[in-house]
Amino acid sequence: MSIKAEEISALIKQQLENYKDELSVEETGTVTYVGDGIARAHGLENALAGELLEFSNGVYGMVQNLESNDVGIVVLGDFTKITEGDIVKRTGRIMEVPVGDAMIGRVVNSLGQPVDGKGDINTDHTRPVEKKAPGVMDRQSVSEPLQTGMKAIDSLVPIGRGQRELIIGDRKTGKTTVAIDTIINQKDQDMICIYVAIGQKDSTVRSQVETLRRYGAMDYTIVVTAGPSEPAPLLYIAPYSGAAMGEEFMYNGKHVLIVYDDLSKQADAYRELSLILRRPPGREAYPGDIFYTHSRLLERAAKLSDKLGAGSMTALPIIETKAGDVSAYIPTNVISITDGQIFLDSDSFYSGIRPAIDAGTSVSRVGGDAQVKAMKKVAGTLRLDLASYHELESFAQFGSDLDAATQAKLNRGARTVEVLKQPLHSPLSVSKQVLILFALTNGFLDKIQVEDILTFQDGLFDYFDGSHKDLLDEIATTGQLPDTDKLKAAVQEFSDTFQGSASSEEDAKAAK
Amino acid sequence: MSLDEMTVAKRYSKALFEVLVENEELESGYEELKQIRLVFQDNPQLSSVLTNATLAESERKSLIAPFIEGATSKYVKNLIQMTFDYGRINYLVSIINQFEILYNEKNHTIHADVITAVAIDDAQEKRLADEFGKRVGAEKVILNSKVDEDILGGVIMKSAGKIFDGSLQTKLNQIRRTLLG
Numbered sequence: 001m002s003i004k005a006e007e008i009s010a011l012i013k014q015q016l017e018n019y020k021d022e023l024s025v026e027e028t029g030t031v032t033y034v035g036d037g038i039a040r041a042h043g044l045e046n047a048l049a050g051e052l053l054e055f056s057n058g059v060y061g062m063v064q065n066l067e068s069n070d071v072g073i074v075v076l077g078d079f080t081k082i083t084e085g086d087i088v089k090r091t092g093r094i095m096e097v098p099v100g101d102a103m104i105g106r107v108v109n110s111l112g113q114p115v116d117g118k119g120d121i122n123t124d125h126t127r128p129v130e131k132k133a134p135g136v137m138d139r140q141s142v143s144e145p146l147q148t149g150m151k152a153i154d155s156l157v158p159i160g161r162g163q164r165e166l167i168i169g170d171r172k173t174g175k176t177t178v179a180i181d182t183i184i185n186q187k188d189q190d191m192i193c194i195y196v197a198i199g200q201k202d203s204t205v206r207s208q209v210e211t212l213r214r215y216g217a218m219d220y221t222i223v224v225t226a227g228p229s230e231p232a233p234l235l236y237i238a239p240y241s242g243a244a245m246g247e248e249f250m251y252n253g254k255h256v257l258i259v260y261d262d263l264s265k266q267a268d269a270y271r272e273l274s275l276i277l278r279r280p281p282g283r284e285a286y287p288g289d290i291f292y293t294h295s296r297l298l299e300r301a302a303k304l305s306d307k308l309g310a311g312s313m314t315a316l317p318i319i320e321t322k323a324g325d326v327s328a329y330i331p332t333n334v335i336s337i338t339d340g341q342i343f344l345d346s347d348s349f350y351s352g353i354r355p356a357i358d359a360g361t362s363v364s365r366v367g368g369d370a371q372v373k374a375m376k377k378v379a380g381t382l383r384l385d386l387a388s389y390h391e392l393e394s395f396a397q398f399g400s401d402l403d404a405a406t407q408a409k410l411n412r413g414a415r416t417v418e419v420l421k422q423p424l425h426s427p428l429s430v431s432k433q434v435l436i437l438f439a440l441t442n443g444f445l446d447k448i449q450v451e452d453i454l455t456f457q458d459g460l461f462d463y464f465d466g467s468h469k470d471l472l473d474e475i476a477t478t479g480q481l482p483d484t485d486k487l488k489a490a491v492q493e494f495s496d497t498f499q500g501s502a503s504s505e506e507d508a509k510a511a512k
Numbered sequence: 001m002s003l004d005e006m007t008v009a010k011r012y013s014k015a016l017f018e019v020l021v022e023n024e025e026l027e028s029g030y031e032e033l034k035q036i037r038l039v040f041q042d043n044p045q046l047s048s049v050l051t052n053a054t055l056a057e058s059e060r061k062s063l064i065a066p067f068i069e070g071a072t073s074k075y076v077k078n079l080i081q082m083t084f085d086y087g088r089i090n091y092l093v094s095i096i097n098q099f100e101i102l103y104n105e106k107n108h109t110i111h112a113d114v115i116t117a118v119a120i121d122d123a124q125e126k127r128l129a130d131e132f133g134k135r136v137g138a139e140k141v142i143l144n145s146k147v148d149e150d151i152l153g154g155v156i157m158k159s160a161g162k163i164f165d166g167s168l169q170t171k172l173n174q175i176r177r178t179l180l181g
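Protein chains in written order, with UniProt numbering: chain A, 1 to 512; chain B, 1 to 181.
This is chain A alone, in the form it adopts within the complex (with noise of 0.2 Å):
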C-alpha cells in the first residue's frame, strides 16, 4: 500500500491553504445567439475587446465586437453546448498560451494544449497570445544567414535570421516540403523551430510530424496544429500562438524559425468569423482589417537589438495562389508586408525542375546582407546566366545555327538549372552547395552531359569528403573562399577522372 494518509492529507491542507474564503463578484452577461463558432450576449457592459470569457460549460470566449447593446464574442472551443440564455462570465484576463522549453518536441493545438497523447505539458510560463512586436529601437538589421539546405534558395534567394519570407505558389508544388526541408536542415544549428499548420488536414499534419521525427528534428520542434474540423476562431488564433510561443524563445536570446502554412487559410477562418460577426465585407468578400492581420502578425517576426539578448525569429508565412494569380487580394497583402518572396511554379514543377522556384520572380529583400561570403561570391552571376538561358532557350527553339557564345549560354544554362535541382529532404551544407555552384561557374560542368550533373555531384562531394576535407572545412568555418587556385586544382583532379554514362557506353562498345 502506497497510500499514506498523512501525507495526502498535509499536501491537501497545504493546497486549501491558498485557499482563500472570499466572496465572488462577477459580471455577467446573458447569451442571446449562439452558432457557427461564435455568440452574442447582453450585458457584460465593461467588457474590453480581446478580454477573456468564461461560459458556464467552462468553454472560453474571446471578445471582438463591442456593439451598443451587445458583444460578438468568438468561442474557443465546443460551441454546439453553449445555449440561449446562458451565462457568461468576464475574466479580467487575456487570451494566454504556455510557454517554454516544455513544449518542445511537441504537437499542441491552438490553446497550447498537447494532442500528441504524450500526457500533460509541465510549464508555468505562459505568454499573451496577441503582443505588440518589438519596436524600432529593439530591433537590429538582419545579418547572419539562415541556411535552408536548398541550392537554389541559399544561393538565389538567401534569408537572413529575422527575416520575413513568403512561400508562395499554388497547390502542389512543393511549398509545404520547402519548410520542412528547411526545419530539417536546422540540426544542430541552434534553432527552435515552430511549425503552424493552420487548417491541414489531420492526416497531412500527422505524415509531416513523423518526417520530422524521422530526421530527428522534431528534437528542436514546436508544431501547432488548428485541423479543419476545429471552429474557425482556432484556426484564426493559431498563428499568433505559435508566434506567442516563438517569442518567448527569441527574448531568451535565442533563434527561432516560424513557419505558417498556410495564411490563405487563416484569412479564409478570419473571414468567415467576420462575416458571421456581421462586420461589413470587403474586397473578395474579406474583412477590412484583413491586411491588419497578417501585417501585425508578421511583424512580430524580428532581430532583436544586442541590448536584448540578439535573438531572433524568422518568419516563413505560407500563401496558396489560384492559377498562379499572385494578384489576388490576400497575396499581395503578404506580398507587400514580408521581406522577400519565393515564388514557386507548378510548369516548372512539372517538368521536373525541383524545387519549382522561379528565379525570376522570387527575390529575397535583406537576405543579401546575410548571405556567406563564399556563396555571394559564386553565386553572383547565377540570376543573370538563368535570366538570359530563359530568354535564349525560347529563341533557340527556331533557329539551328547559333554561334559559340550563344550555344554556350545555353549550355550554361541548362546545367546551372540542372545543378539547383535537388531530391525531397536531402538538405545540402552550405560548403558543399558553395563547391557545386564554384564548380558551376568555373565551368567545369560544360563537358559534362547534362544527365550526368547530379552524379558528377555526389561523386564531387565523396571525392572531397574523402581527399579535400580540409578545403569544406574552411568555406564552413571562414565563410570565405579557399584559395581559388587549389579549390581549382582539386576539382579538376577529380573531373579528370569522372567518366559519365556516355563515354562509359563507349567504351562498353569498344570492349565488344
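Because the hints were derived from the structure by calculation, they are not lab data.
Heads up, some of the hints might be wrong.
[Unchecked claim] To spell it out: a stretch of chain A is covered by chain B in this simulated footprint if at least three of its residues, at any positions, have a beta carbon under 8 Å from a beta carbon of chain B; those stretches are: (1) 23–29; (2) 40–46.
[Stated by the list, open to error] Simulated crosslink set (EDC-like; lysine to aspartate or glutamate; CA at most 20 Å straight-line): (3) Lys171/B <-> Glu54/A; (4) Lys486/A <-> Asp496/A; (5) Lys158/B <-> Glu54/A; (6) Lys74/B <-> Glu59/B; (7) Lys10/B <-> Glu45/A; (8) Lys162/B <-> Glu418/A; (9) Lys447/A <-> Asp345/A; (10) Lys158/B <-> Glu26/A; (11) Lys34/B <-> Glu105/B; (12) Lys432/A <-> Asp188/A; (13) Lys158/B <-> Glu17/A; (14) Lys171/B <-> Glu27/A; (15) Lys171/B <-> Glu17/A; (16) Lys158/B <-> Glu45/A.
[To be verified] The calculated label-pair distances, taken between Cβ atoms and stated as ranges, are: (17) Tyr292/A <-> His111/B: 40 to 46 Å; (18) Gln113/A <-> Gly153/B: 34 to 40 Å; (19) Glu45/A <-> Asn23/B: 27 to 33 Å; (20) Val25/A <-> Arg176/B: 17 to 23 Å; (21) Ala10/A <-> Ser145/B: 39 to 45 Å; (22) Ile87/A <-> Ala15/B: 51 to 57 Å; (23) Leu179/B <-> Tyr329/A: 50 to 56 Å.
Just so it is clear, CB atoms sit at the ideal spot from N, CA and C, and this is done for glycine as well.
Using the hints, position chain B against chain A.
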C-alpha cells in the same frame, strides 16, 4: 433593416422618461407603467394577439382601449397609442423595463434578486438590503427573494449584470478546482 428590440426600447423609454420628468409626472407615470407591465406579464399571449395581422384592426383596438382609457397620464396614453400604431406594442414590456432602469438610476435605487437555500425573514432581508446598498452605493434596495435548495447555504445576489456569489455550492466547487487543478 428594422431596429432590434433593445434599440427601440432604449429610445422610447428615454423619450418617455424625459417628457415625464419635465412635466413632473414621473411617480404617477411609473406606477401606471408598472400596472400595464403586470397585465402584459399575466397574459403572455396579449402582445402576440395585438400584433397579429389576422385579427381585424378594430378588434385589436378594442383590446387596447381599456389601457388608453384607464391611464390618467396623457403621456402614457400617447405611448400606448403610438407603439400600437407603429406595430411595436410587443416591445412594450421591454420599453417599461428600460424605463425602470432610468427611473432607478435617478432615484439611486437598485433591484436585486436574492437566492438563499432557506427562506429568510423580513429582518434578515432588511439587513441584507442595507449592506448591499452600502456596497454598491445605492440609497434604496428592492429585493426579490427566491429559495433554491441546490445552493446548500449562503446567499447569491444578482443585480444589474453582476453576481455576488457567497453560496456554499460555489465555494465547494472552488475548493474542488483548487484540489484537482
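*Could you tell me which of the numbered hints above are not met by this structure, giving the numbers in increasing order?*
Numbers 6, 8, 9, 13, 22 - these are the hints that the structure violates, sorted from lowest upward.
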